[in-house]
Amino acid sequence: MTRTAEELAQYLGVRLEGDPKAEISGVASPERAGKTDLIYVDSHKHLERAAKSKATCMLAARGLRLEGKTSLETDNPKFAFVKSAEWLLPRFEAEATIHGTAILGANVVVGVNVSVGPYVVIEDDVAIGDQTKIDAFCFLGRGARVGQRCRLHPRVTLYSGTRLGDRVELHSGAVIGGDGFGYVFGEGRHWKFPQMGSVEVGSDAEIGCNTTVDRGSLGETRIGQGVKIDNLVQVGHNVQIGDLSVLAAQVGISGSSVLGDYVTVGGQAGMGEHCVIEDRATVGGQSGVLGGKRIRAGETVWGTPARKLEKFKQQYARFGHLEDLADRVRELENAIGERGAGKI
Amino acid sequence: MTRTAEELAQYLGVRLEGDPKAEISGVASPERAGKTDLIYVDSHKHLERAAKSKATCMLAARGLRLEGKTSLETDNPKFAFVKSAEWLLPRFEAEATIHGTAILGANVVVGVNVSVGPYVVIEDDVAIGDQTKIDAFCFLGRGARVGQRCRLHPRVTLYSGTRLGDRVELHSGAVIGGDGFGYVFGEGRHWKFPQMGSVEVGSDAEIGCNTTVDRGSLGETRIGQGVKIDNLVQVGHNVQIGDLSVLAAQVGISGSSVLGDYVTVGGQAGMGEHCVIEDRATVGGQSGVLGGKRIRAGETVWGTPARKLEKFKQQYARFGHLEDLADRVRELENAIGERGAGKI
Amino acid sequence: MTRTAEELAQYLGVRLEGDPKAEISGVASPERAGKTDLIYVDSHKHLERAAKSKATCMLAARGLRLEGKTSLETDNPKFAFVKSAEWLLPRFEAEATIHGTAILGANVVVGVNVSVGPYVVIEDDVAIGDQTKIDAFCFLGRGARVGQRCRLHPRVTLYSGTRLGDRVELHSGAVIGGDGFGYVFGEGRHWKFPQMGSVEVGSDAEIGCNTTVDRGSLGETRIGQGVKIDNLVQVGHNVQIGDLSVLAAQVGISGSSVLGDYVTVGGQAGMGEHCVIEDRATVGGQSGVLGGKRIRAGETVWGTPARKLEKFKQQYARFGHLEDLADRVRELENAIGERGAGKI
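These protein sequence lines are chains B, X and S, in that order.
Note that the first sequence covers residues 1 to 344 in the numbering used here.
Note that the second sequence covers residues 345 to 688 in the numbering used here.
Note that the third sequence covers residues 689 to 1032 in the numbering used here.
Derived from the structure by calculation, the hints contain no laboratory data.
Glycine is no exception: its CB is placed at the ideal position from the N, C-alpha and C atoms.
You may find that some hints are simply not true.
[Said to hold, decoys possible] Within a straight-line C-alpha distance of at most 25 Å, the following computed BS3-like cross-link-like pairs (lysine-lysine) qualify:
#1 K771(S) / K536(X)
#2 K313(B) / K981(S)
#3 K1001(S) / K657(X)
[To be verified] A few chain S residues that don't get close to chain B, going by computed Cβ distances all over 12 Å:
#4 E761
#5 D763
#6 E781
#7 E811
#8 R843
#9 R968
#10 R984
#11 T992
With the hints as constraints, model all of the structure from the sequences given.
Here it is as structure tokens:
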């Protein structure tokens, strides 16, 4: 949608310098921008890139100006940029078409303006909210529930009974609701613990490509509202993730762990079973939290086994000086030896 | 299937206290159970949850009883629970239908009571055993062989020549038989080593969502009987995994490694090429076994590079006291210094 | 294609001993070889395997001969083997058929001898080069470009705008061009940074099963020519990978990192954002390179945080002797104590 610089300034609540009627229809990097794309400049070092850009309008940190460009001045140009992007650009086009090759089971309830792509399979008793878009090759198992304005990219699998809130976005290859990994060994083999629970994904959550979220065994796996999960992440059965938490790529959360709100987990980190990660805690990339451990609210932990970041840094620095320490012990031994040979 | 408490007690070989005619048709957690769901209670601390449950029957550890509930007394209620679940609940319904949209190549042999879902593609010369269920979007490459009573969840890929035993369960997104990762560098580029072998998966194996198992290069990759593999695991070319081993999520096994029987590998652990992990060994979560290493039968190893758990614990404890050790060296230096300044 | 030993010797430029007219039609391991399969023997210890083989012809290291076999003598039998395999065996058969169930959008340009499998979905404005093969269930988003002689195995997803060079091979479940993982937190929630860039994959690249490569946010993600990426790898938004680099399974590269040419990354290694890994550097398996770090050309690093291999080995050896060091400090304390009790 095309807007004017003035309209955008008003939406963002910021001051405009330049032409209030300048048109803005998209966002871009300075190098790729056309005349009506909005760019942002958050420091002096990027000013030259902006100067060379074809863009007419820029979001700029206070004090950054360029001759001939219309500026919207803000304390946080990057944040203003993402806000503007969401305001200018629709997440996707609602098409209100069910492709002729889509297969819908009995008792499927489809809302208004829903788009279902080619070769989608929807089993019985599924419900899909208004303005949701389901791309090619998606599979929605029996009894799944999808909220409004959701987007399922091509080739998403929802096992039976999975429930999604509104505005959830699932990327290609994601599998939600697969069986949890639980066995009891006896009589010479592994017996599968019943995996009969389900998965609930809160509104505004986004889940990356080829990520897997297992169903609860007897209870539920729950992903909170506004949670963002990157690609190739594993979320085990009965895991609970609070609102607005963020999990980077290739993280693994074992069964029955509980993450609070605003938790951040770095890439490739892992958690054993029954961990508790309290609100606003941060687990560093590649860290390993042992099963049953509790990370306190607001703490940052690092390493395997995970410990407080300050402690990790101190130990790691000490580790780096082990060679020195060994040298000092040798010198002490020599000194003692000189004065009392045979003692040690 | 609905059974009586008496029938279940007889199947399990346990003592019944209460109403022998009480009906049991499923299993559940105490909170979710209906009247005819079986629950289990393995310690006093869960007795109150059971007391509040609607369930009529419970599997209970010796000495745990509840007024008004029919009890089946057993040493291991959790194991009795999984046995009961398997006995009461069918793994899946055999439907004996080939969906009209499934595409079958030439010379495909399909057993009795086989169910093939919508948009399944089966290439030439594939054989599928009795009572197997193949869900939507599965791809079975040329010459693949699938045993009896297998379950392929939606969107499983079997590359050509893959062979599955009986009662194998493959979860959504699993890819079995992809090319191994082997190249020889020469004349300025990487030349692909031929990846012409195949994969054989033993009976009763289960493989998780989005897990990948590569075909052998010239020989075979082999997954033993009753092996359980979680989600997002990578099994390289020519790997051999013995019977009843268990691999947790995101584990990576490099090419030509050999795992014995009853091996346990924790989440995110990795093994280099040509490792040997003998029977009943355990590799801890996130551990890394260097290429070519051998872990002895029954050993538990931890860390990267992986070493015996006791050694890891000892070293790690020592690591935690490095600060102390450095302090003690400083004090020794001071003591020596007082008595012989200039010596050190 | 069947060739003679003489023709192969000529192609490889090596000396032939035995029957120049011996026929060769494939390659195999000694154990699996038929009469016309080529085998290779690179050391004395494999000579017995070769002696028992049905194969008539072998590539052999200098000085290795077998009665009754035709030998092609070479310094590097394994390399000669992969060269021979590529020469003898076509990568795949070009079939020049578009399956009746494939769905092609408007303005799709398809080259000569292109094969499109069942249930493929190709959106508008896609171009596909000559002799490319697209298997079942692939999804090519709007505006995607695929070069000549590419192979897309079943169930590959190309998000809109993805561009592949020539002879690219993508394995089952790979997702190229998914949204990058970038958010800006403000006003109580995570706002998605625009993910509008694209992915460019160079000629002769190969990408493994279930691997994910994210699109650039405002710019591009770029995979160089001849790059080989194993299964379950994550490549973040705006990452640049130079030519001929190799990434083993389950590696994770965070956003905006830059890898040079001939870089080697071991399995499960991870890199933070904005790393620079210069040409010919090697990152060991499970290593972690902290965000913003630079690894110099040709260096080998190991561990988390990653450091030079020699340093890692030295520190690790020292770590292994911590117990000894502590003992020596205790002995020093005792020695000092004897001579000056109360001093320490």
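Each hint, compared with the structure:
Note on K771(S) and K536(X): the hinted pairing holds, with a Cα-Cα distance of about 9 Å set against a maximum of 25 Å. The hinted pair formed by K313(B) and K981(S) meets the criterion: a straight-line CA distance of about 17 Å does not exceed 25 Å. Taking the CA atoms of K1001(S) and K657(X), the gap is about 20 Å. The hint holds against a cut of 25 Å. Its beta-carbon lying about 46 Å from the closest one in chain B, E761(S) satisfies the requirement of being farther than 12 Å from that chain.
Residue placement check: D763(S) keeps its beta carbon more than 12 Å from all beta carbons of chain B (closest about 40 Å). Taking the minimum C-beta to C-beta distance to chain B, about 25 Å, the non-interface status of E781(S) holds against the 12 Å cut. A beta-carbon of chain B comes within 12 Å of the beta-carbon of E811(S); the shortest separation is about 9 Å. With a least beta-carbon separation of about 7 Å from chain B, R843(S) fails to lie farther than 12 Å from that chain, contradicting its non-interface assignment.
In this structure R968(S) is separated from chain B by more than 12 Å, as the shortest Cβ-Cβ distance comes to about 24 Å. The Cβ of R984(S) sits about 19 Å from the closest Cβ of chain B, beyond the 12 Å cut-off, so the non-interface label holds. With 12 Å as the threshold on Cβ separation, the claim that T992(S) sits away from chain B is violated: the shortest Cβ distance comes to roughly 5 Å.
In this structure, the hints that do not hold are numbers 7, 8 and 11, in rising order.
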